Amino acid sequence: MNREGINLALTNIELQTIKNLLKKEPNEVERGMFEVMWSEHCSYKNSKPLLKELPSKGENVIQGPGENAGVISLGDGDAVAFKIESHNHPSAIEPYQGASTGVGGIIRDVISMGARPTALLNSLRFSPLKTKRTRYLFGGVVSGIGGYGNCVGVPTVAGEVYFDPSYNENPLVNAMCVGTLKEDELYRGETGSPGNLLLLVGSKTGRDGILGASFASEALSGDNASDRPSVQVGDPFMGKLLIETCQNLLKTESSAIVGLQDLGAGGLVSAASEMASKSDMGVTMDVSQVPLREENMTPYEIMLSESQERMLFIVKESQVERLRDKVKELGLDASVIGEVIEEKKLIVNNRDITVANVPPRALTDNVPEKLREIKFPQYLTEQWKQEPQVSQKLQTMITANNYSYENLIINMLNSPNIGSKQWIYEQFDYTVGANTVKAPKSNASVVRLKGKNKGIAINCDGNSRYVYADPKRGAKIAVCEASRNLVTTGAKPLGLTNCLNFGNPEKPQIYYQLANTIKGMKEACETLGIPVTGGNVSLYNEGENEDIKPTPVIGMVGLVEDLSKIMSADFKDEGDMLVLLGE
Amino acid sequence: MFRAQIKVNLKTGVLDPQGEAIKDSLHSMNFNEVNDVKVGKLITLSLEDNDREQLEKRVEQMCERLLTNPVIENYQYELVEVMSK
Amino acid sequence: MFRAQIKVNLKTGVLDPQGEAIKDSLHSMNFNEVNDVKVGKLITLSLEDNDREQLEKRVEQMCERLLTNPVIENYQYELVEVMSK
Amino acid sequence: MNFGIVVFPGSTCDRDAFHFIKDVLQESVTYLWYKDSLPKEIDCVILPGGFSYGDYLRPGAISAHVPIMEDVIKFANNGGYVIGICNGFQILVESGLLPGTLIQNKQLKFVSKSVYLRVETTDTPFTNQLNKKESICLPIAHGDGNYYISQDELKQLESNNQILFRYVDRNNEPTSNANPNGSIQNIAGISNLDKNVLGMMPHPERAGEKILGLEDGLKIFKSILKHWNEQGGDKFGSY
Ligand SMILES: Nc1ncnc2c1ncn2[C@@H]1O[C@H](COP(=O)(O)OP(=O)(O)O)[C@@H](O)[C@H]1O
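So the sequences go chain by chain: A, B, C and D. Take the first sequence: its letters are residues 1 to 583, numbered as in the numbering used here. Take the second sequence: its letters are residues 1 to 85, numbered as in the numbering used here. Take the third sequence: its letters are residues 1 to 85, numbered as in the numbering used here. Take the fourth sequence: its letters are residues 1 to 239, numbered as in the numbering used here.
Same shape as in the complex, but just chain A (with noise of 0.2 angstroms):
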């Protein structure tokens, strides 16, 4: 999970609620506890009630919403995981860390479920690029999704780009990752029983974020120099290190290893109560055991950090130094930093000082949903007005501007939402992996599974000039778009992840985009048979003067049985006829 969409400002009722769940005024660190679990990107308190709708069951699902990322069977005992998230925020104050921290967060939600990253990919929106702003921003977002993932050694095989206006304040970051690995080798953050430890591994902990939270769910304001602090900066190489590491240690010591989570938005604080409570168990922590970056950090700080690079192992005591000494070999910090505990209360001591003492649940589960007034859009009742006369003033352009058929076509294929896509894709390396068996230039990309005859179909999609203009369709149209693009290459469409960028919520025009976009997702998949298995919401998307249209982003993942059949969308020989299918 990365940090997007944290609004610090706790309400008074809000407040009032924590008092009553501890008994007792909280402390400073308890209270920033709250602040980012209870935040929209940790808590979903706006988006909750609504998602519950989303149909997440299906045969083929071993994991829907609720753990790092969704897994799905692929038969034989092989399966998929797979999860998109947003990055908007950070990609917009600092564009190449931002989009390259995207990347790194979103590969760990794939790791921390036991599979090994096959392939990424991404969806951008941005402003046209007219200004110098947008050409930075932009730029830097497309080398930042590079370096991180031509590091790592993940391909980037697919993603999608659209460019409108509404996007010039908030220019959306998607960042999606697809992994593979046995079915019987799925990881949950879980913690087992009493008296098993958590392992720290990976980078050492920084002030990386900490004074950030409270500016990314604000609307941006011009001066982003005071947003600085907050800034992480990602380091790939750790990044690719711990990758081999997890996988290393989950083939070999899976007798050890419990369970594990990476720690992203919310740091240690979500990491611990989130496996805590799901678990029904606590955990106390020792801050002074956590490897430090800085000198004279805080308890608070420590807790709340997101530096990146990092994971959550549980593990059993009696196996822990032999883990230690290994991820130490591999070349990272590791570090027992607490113990699971029956009583469930989240103890954070710093040595034998005890710094806050919360239920795990509390942080979790208790903050109060918010299911918000909903208004229909007013634009939306002048633009349904003018509806049937769209086409007729398509034609009169036509014909007021002398297009010839030619003409058309050169200038459609001059718009940058539908011209080539090179610039972009030749900055990814699309075949590290020797899995890329199509991409990019094509509906969906495939890699295979190396030994076998089948391979995973992916790709994304999402219009969001039909969402505005009528959100439920325009979702519909977007998941059935993302699985025409599937079927179009031989695969069967499995199951989607999503990300639902919108501005602010508390417009009720807006909760009117966020409810109806949801309810078009949610009758499209049902009536195609596809299950949701997990997604992202990124709220808050508004600048000083506008929101963002309504964007969601739908990640689909298909099987392709037999790899010899599958379809590509060139032209084979002269002579073969064209058929159009359909309405």
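Rather than coming from a laboratory, the hints here were simulated on the basis of the structure. Some clues are possibly wrong.
Unchecked claim - Pairs of lysine-lysine, DSBU-like flavour, derived with a Cα cap of 35 angstroms:
id, chain 1, residue 1, chain 2, residue 2
1, A, Lys-132, C, Lys-41
2, D, Lys-133, A, Lys-441
3, C, Lys-7, D, Lys-226
4, D, Lys-222, A, Lys-565
5, C, Lys-41, D, Lys-35
6, A, Lys-385, A, Lys-57
7, A, Lys-132, B, Lys-38
8, D, Lys-106, A, Lys-452
9, A, Lys-251, D, Lys-106
10, B, Lys-11, C, Lys-23
As the list claims (entries may be wrong) - To be clear about the criterion: a stretch of chain C counts as covered by chain B if any three or more of its residues have a C-beta under 8 angstroms from a C-beta of chain B, and this derived list gives those stretches:
id, segment
11, 2-13
12, 16-30
13, 40-54
14, 68-81
Treat the numbers as computed from the prediction; the structure is a model and nothing was measured. We put the CB at the ideal spot given by N, CA and C, even for glycine.
Since chain A is already given, all that's left is putting chains B, C and D with the ligand on it; use the hints.
Quick look at chains B, C and D with the ligand alone, frame taken from chain A:
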């Protein structure tokens, strides 16, 4: 004619994985006296102008607008007068 | 305790695409007084030793064996004594 | 034939090369950990692609100094086959086994695509199964593949036939448009003077299977097998 030498370094607290990797490598080569390594950039500009005060302002603008990334880097510069060729 | 500040620059004649690109950008931003841009590295080492002469040799070895690539780069360094904490 | 693939921290193409040797070429292959020494039975060392040590300082610079490289240098100086692909090429120039150096791509951007290469020399252990001036197609994916060497040394490379591959266009010409990274004279791969060390930026190990779309990489490895067999196979080796 002036020459500006601009030293660009990462701000304190910003992760510097490169410095760490170089330090480890130096240690493995038995340069154990090395305690810490930082890697920054050194940008040298040749400037066709003779007004030092004016140039100072210009160099600062260049640093802030293009040469450095104010989000994670800070800089220092020196202006030295040089003979034109 | 000493600090070594090592300036690494490209040898003359070696293509410097980064310097060229920065120069073009600066020109397009109307910093037309910029004649030439060179981008090098600034490596700062903290050294746990007090023998300056000995350290000079060591720093040169580090530069030649790891820190610089003699095919394309040259270097200069300064050693400054600093107070240990 | 026994291939050994060195795994540096941050290697990313080690597994691709392993798969290629084992499943496609069907020869024996082992991973070699960078901290260990080079086992005696290895006939050919592969330095794989990737971002060893995150490309920090200069690509390949830190890796050139890890323990196993001392052995690899001895092995190469005794005539053992060494192949450096992409980051492996960068490690070879940093360790002094190959002349010149690789700097940042002229466009200052990472470049990932398929390129055409012209085979310039066939009289080597790596190209004897290719025809002179044959055009082959391989993927590249790198940010620092811009080969640079002084004019004097370049002349030596040429007169000793050490330039093995050049980037060319579809007409088999080394034009500047066909040059993906600014390399001097479109150089994509070179060997040492004795022709037992190969460094190349393109990835032959990603191009050996029909399903992946490109197969020309196979010819390079078939060349090595042929050369090794001609030298007496098992009886050769053991440096
Ligand atoms: N941001 C991106 N990252 C990676 N690949 C991309 C990106 N944007 C587009 N592509 C790739 O470029 C190709 C063309 O994209 P697009 O124009 O969106 O095609 P289509 O509309 O046919 O899906 C596709 O293969 C797509 O995966």
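Against the structure, the hints:
1. Lys-132(A) - Lys-41(C): With Cα atoms ~27 angstroms apart, Lys-132(A) and Lys-41(C) stay inside 35 angstroms; holds.
2. Lys-133(D) - Lys-441(A): Between Lys-133(D) and Lys-441(A) the Cα gap is close to 30 angstroms, so the pair holds against 35 angstroms.
3. Lys-7(C) - Lys-226(D): violated, 48 angstroms
4. Lys-222(D) - Lys-565(A): holds, 29 angstroms
5. Lys-41(C) - Lys-35(D): holds, 29 angstroms
6. Lys-385(A) - Lys-57(A): violated, 39 angstroms
7. Lys-132(A) - Lys-38(B): holds, 31 angstroms
8. Lys-106(D) - Lys-452(A): Judged against 35 angstroms, a Cα distance of about 40 angstroms means the pair is violated.
9. Lys-251(A) - Lys-106(D): violated, 42 angstroms
10. Lys-11(B) - Lys-23(C): holds, 25 angstroms
11. 2-13: holds (count 3)
12. 16-30: Result for this restraint: holds, n = 4.
13. 40-54: holds (count 10)
14. 68-81: As far as the segment 68-81 of chain C goes, the hint is violated, because 0 residues have Cβ atoms under 8 angstroms from chain B.
Hint check: violations occur at hints 3, 6, 8, 9 and 14; the rest are consistent with the structure.
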